[in-house]
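Asks: Given next are the chains, with one letter for each unit.
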Amino acid sequence: MVGFKTLLIKEIMRFWKVSFQTILAPLVSTLLYLVIFAHVLSTHSDIYPGVSYGVFLIPGLMMMAMLQNAFANSSSSLIQSKVTGNLVFILLTPLSELEFYWAYVVAAMIRGMIVGTVVLLTSLFFFKLPFANPLWIILFGCISTVVASTLGIIAGIAAEKFDQMAAWQNFIIVPLTFLSGAFYSISSLSSPWNTISRLNPFLYMIDGFRYGFFSHSDVSPWLSLTIVGGVGLVLLWITLSILKSGWRLRG
Amino acid sequence: MIPAIEIRGAEKRFGHLLALNSIDLTIDQGEFFALLGPNGAGKTTLINLLSGLSRPTAGSLRVMGHDVTLDYKNARKSLGVVPQELVFDPFFSVRETLRIQSGYFGISNNDDWIDEILSNLQLSDKAENNMRTLSGGMKRRVLIAQALVHRPPVIVLDEPTAGVDVELRQTLWQFIKRLNQDGHTILLTTHYLEEAETLCNRIAILKKGNLIRLDTTENLLKESITGSLEEVFVSVMQEKVKS
Ligand SMILES: Nc1ncnc2c1ncn2[C@@H]1O[C@H](COP(=O)(O)OP(=O)(O)OP(=O)(O)O)[C@@H](O)[C@H]1O
Ligand SMILES: [Mg+2]
Chain G
0 MVGFKTLLIK
10 EIMRFWKVSF
20 QTILAPLVST
30 LLYLVIFAHV
40 LSTHSDIYPG
50 VSYGVFLIPG
60 LMMMAMLQNA
70 FANSSSSLIQ
80 SKVTGNLVFI
90 LLTPLSELEF
100 YWAYVVAAMI
110 RGMIVGTVVL
120 LTSLFFFKLP
130 FANPLWIILF
140 GCISTVVAST
150 LGIIAGIAAE
160 KFDQMAAWQN
170 FIIVPLTFLS
180 GAFYSISSLS
190 SPWNTISRLN
200 PFLYMIDGFR
210 YGFFSHSDVS
220 PWLSLTIVGG
230 VGLVLLWITL
240 SILKSGWRLR
250 G
Chain A
0 MIPAIEIRGA
10 EKRFGHLLAL
20 NSIDLTIDQG
30 EFFALLGPNG
40 AGKTTLINLL
50 SGLSRPTAGS
60 LRVMGHDVTL
70 DYKNARKSLG
80 VVPQELVFDP
90 FFSVRETLRI
100 QSGYFGISNN
110 DDWIDEILSN
120 LQLSDKAENN
130 MRTLSGGMKR
140 RVLIAQALVH
150 RPPVIVLDEP
160 TAGVDVELRQ
170 TLWQFIKRLN
180 QDGHTILLTT
190 HYLEEAETLC
200 NRIAILKKGN
210 LIRLDTTENL
220 LKESITGSLE
230 EVFVSVMQEK
240 VKS
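Protein sequences, first through last, are from chains G and A. Quick note, in numbering that gives the first Met the number 0, the first sequence goes up one by one and the last residue is 250. Quick note, in numbering that gives the first Met the number 0, the second sequence goes up one by one and the last residue is 242.
Calculated from the structure, these hints are not laboratory results. Possibly wrong hints are sitting among the right ones.
Here are the computed lysine-lysine pairs in the DSSO-like style, where the Cα-Cα straight-line distance is at most 30 Å [to be verified]:
(1) G/Lys4 / A/Lys76
(2) A/Lys176 / A/Lys221
(3) A/Lys138 / G/Lys160
(4) G/Lys4 / G/Lys81
(5) G/Lys243 / A/Lys72
(6) G/Lys81 / A/Lys76
(7) A/Lys138 / A/Lys76
(8) A/Lys138 / G/Lys4
With the Cβ distance kept under 10 Å, some of the chain G side facing chain A (calculated, not the full set) [claimed, not checked]:
(9) Val17
(10) Ile22
(11) Ile89
(12) Ser95
(13) Leu97
(14) Leu128
(15) Gly250
Glycine residues also receive a C-beta, built at the ideal position from the N, C-alpha and C atoms.
Let the sequences and hints guide you as you build the complete structure.
Replies: Here it is in structure tokens:
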């Protein structure tokens, strides 16, 4: 337990010491999206009955920021430690694969949650949000950040250089989170975009999260939960197999 | 008594390169052992197999009787490794680095021992400094400190004196000698043969992944006319070229 706790605290200290870049910067860009889109589209008709565009946007942006930051935390920590070589300090210790996995995941979740929470608190100054089903909010917040952090661990292990990591960010994470319905309801999309969007697992994270706020969503929250949970379990299994095999970590 | 290190048929391939060819080696508890060989001989590769940083393609390795893959927790607890590369985590101070390293091994209140190591390595006045601000030799000493936080019975040093100044090298060896007298087993690699000659009781020589010599320092020195290990080393290297 001490080993896990130490690695967790070390990972939290790592992003906290550079919080200007890891918390403040993503916060500012998320709030900019909110201000710009909510302003430009303020005349847009309600998305759901009684839910204006600005209010609709908040959970989506919040979840998008949480996912991107959770992914960024585990992936950049691992790639940095690999490139600078100091990952050996962890690899030389008796820490188990599970301890390693959960320490990186929980630290990444915490960073995602901090960014998400501050986005939410800031938007409460300008918008009134219904918190229809807080348990769904928490549930989707937790599971989704676990999935993003796990994906970050896989990317951090798979990438051997910083530019490979940038490719993960720019070609997978950013497009998938942007096209996840954070900015719009997918029911407003015509086919085939509607169908294609439904292949994106991030969509269910945002839709389920939104259900927690509005009791209204494009997909049943139970379906979303099943999909997101299933994706999470598959990624967990992949990550633990990778860690056990020593792939790219123990040459 | 269980040997400190027991290596049976250890083999490591990197693609077509046979970096280690079926190495058998047993080091008893309390030995001060040198692993010598030219650049690329396979010294670091063998150490990586022992520490679990790399996995053997064949064979088995044990540290204090614990198999490095099957019982990796106990094997790693028994082993302190000073890596050859000067690596550090730029986010932390020297003390933070050592506290974190202790924590990884499950030790939470380790400041007394950390202070003792720091003082022995003449780093006490740098304890609160960020790792980035240390000189190369100081970083090397922090690496040594990191390997000792969990008081491992077996200590492996991969070129610990590279880049360390003359005076400090002396204090460093005195410290390591004391650790050895206290019962720690020491395995080291170095390119300074006089260090191996004066400190180590036994020596293994690797060449191109083969263990070509294994004997006591005393016996090896008998082969030399001038009585220097360097002369023996050079002739051992040439022998193999002929055969
Ligand atoms: N990760 C790797 N991938 C491919 N080849 C490797 C790898 N690590 C080591 N080698 C090769 O294995 C051989 C042994 O390398 P090793 O680092 O063990 O040598 P060494 O005896 O420690 O040398 P030095 O005295 O220079 O430190 C070398 O030919 C090296 O190029
Ligand atoms: Mg080496």
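Asks: Now tell me, hint by hint, if it's right for this structure.
Replies: Structure-based check of all given hints:
1. A threshold of 30 Å between alpha carbons decides the hint, and for G/Lys4 with A/Lys76 the separation of about 18 Å falls inside it, so the pair holds.
2. With a CA separation close to 24 Å, the supplied pair A/Lys176 and A/Lys221 stays within the 30 Å bound.
3. Between the alpha carbons of A/Lys138 and G/Lys160 the distance comes to roughly 24 Å, so the proposed pair stays at or under 30 Å and holds.
4. About 21 Å separates the Cα atoms of G/Lys4 and G/Lys81, which keeps this hinted pair within 30 Å; it holds.
5. Distance hint between G/Lys243 and A/Lys72 is fulfilled; the C-alpha atoms sit about 14 Å from each other, no more than 30 Å.
6. Restraint check: the Cα-Cα separation between G/Lys81 and A/Lys76 comes to about 22 Å, which is no more than 30 Å; the hinted pair holds.
7. With a C-alpha separation of about 23 Å, the suggested pair A/Lys138 and A/Lys76 falls inside the 30 Å cut-off, and the hint holds.
8. Note on A/Lys138 and G/Lys4: the hinted pairing holds, with a Cα-Cα distance of about 26 Å set against a maximum of 30 Å.
9. The beta carbon of G/Val17 is positioned within 10 Å of a beta carbon in chain A (closest approach about 8 Å), and the interface hint is therefore held.
10. Hint on G/Ile22 is violated. Least Cβ distance to chain A is approximately 15 Å, over the 10 Å limit.
11. Checking G/Ile89 against chain A: minimum C-beta separation of about 7 Å stays under 10 Å; hint holds.
12. Nearest Cβ of chain A to the Cβ of G/Ser95: about 7 Å, under the 10 Å cut. The hint holds.
13. The interface hint given for G/Leu97 is broken, as the beta carbon of that residue sits about 12 Å from the closest beta carbon of chain A, more than 10 Å.
14. Checking G/Leu128 against chain A: minimum C-beta separation of about 36 Å lies over 10 Å; hint violated.
15. Because the beta carbon of G/Gly250 sits about 5 Å from the nearest beta carbon in chain A, less than 10 Å, this interface hint is met.
Hint check: violations occur at hints 10, 13 and 14; the rest are consistent with the structure.
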